[in-house]
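Throw the hints in and build the complete structure from the sequences for me.
For the sequence shown, my numbering puts the final residue at 171, and the numbers step up evenly by one.
No wet-lab data here; the hints were simulated from the structure. A few of these clues could be false.
With a straight-line Cα cutoff of 20 Å, these simulated EDC-like cross-link-like pairs (lysine to aspartate or glutamate) come out [as the list claims (entries may be wrong)]:
hint: 1; residue 1: K44; residue 2: E131
hint: 2; residue 1: K44; residue 2: D128
hint: 3; residue 1: K135; residue 2: D47
hint: 4; residue 1: K44; residue 2: D151
hint: 5; residue 1: K135; residue 2: E149
hint: 6; residue 1: K44; residue 2: D106
hint: 7; residue 1: K135; residue 2: D151
hint: 8; residue 1: K135; residue 2: D106
From a predicted model like this one, the values you see are computed outputs, not experimental measurements.
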Amino acid sequence: MTTSLIAAGLAIVGALTVINLVVSYGVIRRLREHEQRFAERAGGQPDNLLMEAGGKVGDFAVPDLDGNPITLATFEGPTLAGFFSATCEPCAEVLPHFVATAAGWPGGARNVLAVVIDGGSGPEGYLASLRTVATVVGSDHAEPVSKAFGLRGVPGICVIEPDGTVRAGGRRVLTAGALAPVR
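Here's what the structure looks like:
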């Protein structure tokens, strides 16, 4: 009787071990799938969140932070444009690169456009660093500009030609040198 009891106990422990292994394997496999999906999203969004190169930016008419009217025609040469939100972590990472590129941009602030969408949070830090290197549009007037550029998310970075044609876009281009101005 004790032998059959031990055998039954071992059978139950063996069965539970096999069930545990199968469930663990399934959980691990599922976690790997989720990890892969998360990694695909980690860049989160596509790199280029504005219209593609070759597209034409629509016209817009909004005031900048100082109340000066700006339109697409306001910008005289190749124009660096950036869209940011104070609540966006990738924006915080891209902003210093944008500011550094904008600081050396031909034509200075009159050929650099920055649109700050505050998203309910104070964009003061963004505004302070951008005002010195760009023509800045605040969140109150961001929608018409965002629509004109075909913005799908932030950060959005591109260079447009004087006629409104998008030359290059995407946040990685600031560090890759693809936005080097035409001289």
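Hint check:
The suggested pairing of K44 with E131 holds, with an alpha-carbon distance near 17 Å, which does not exceed 20 Å. Between K44 and D128 the alpha-carbon distance is near 24 Å, which puts this suggested pair outside the 20 Å criterion. Straight-line distance between C-alpha atoms of K135 and D47 comes to about 9 Å, which keeps the hinted pair within the 20 Å bound. Of the supplied pair hints, the one linking K44 and D151 holds, its CA atoms being roughly 8 Å apart against a limit of 20 Å.
In summary, the hint linking K135 to E149 is supported, as the alpha carbons are separated by about 18 Å, within the 20 Å threshold. In summary, the hint linking K44 to D106 is not supported, as the alpha carbons are separated by about 26 Å, beyond the 20 Å threshold. Among the hinted pairs, K135 with D151 is consistent with the structure: their alpha-carbon atoms are about 17 Å apart, no more than 20 Å. A hinted pair counts as satisfied when its Cα atoms are at most 20 Å apart, and K135 with D106 qualifies at roughly 17 Å.
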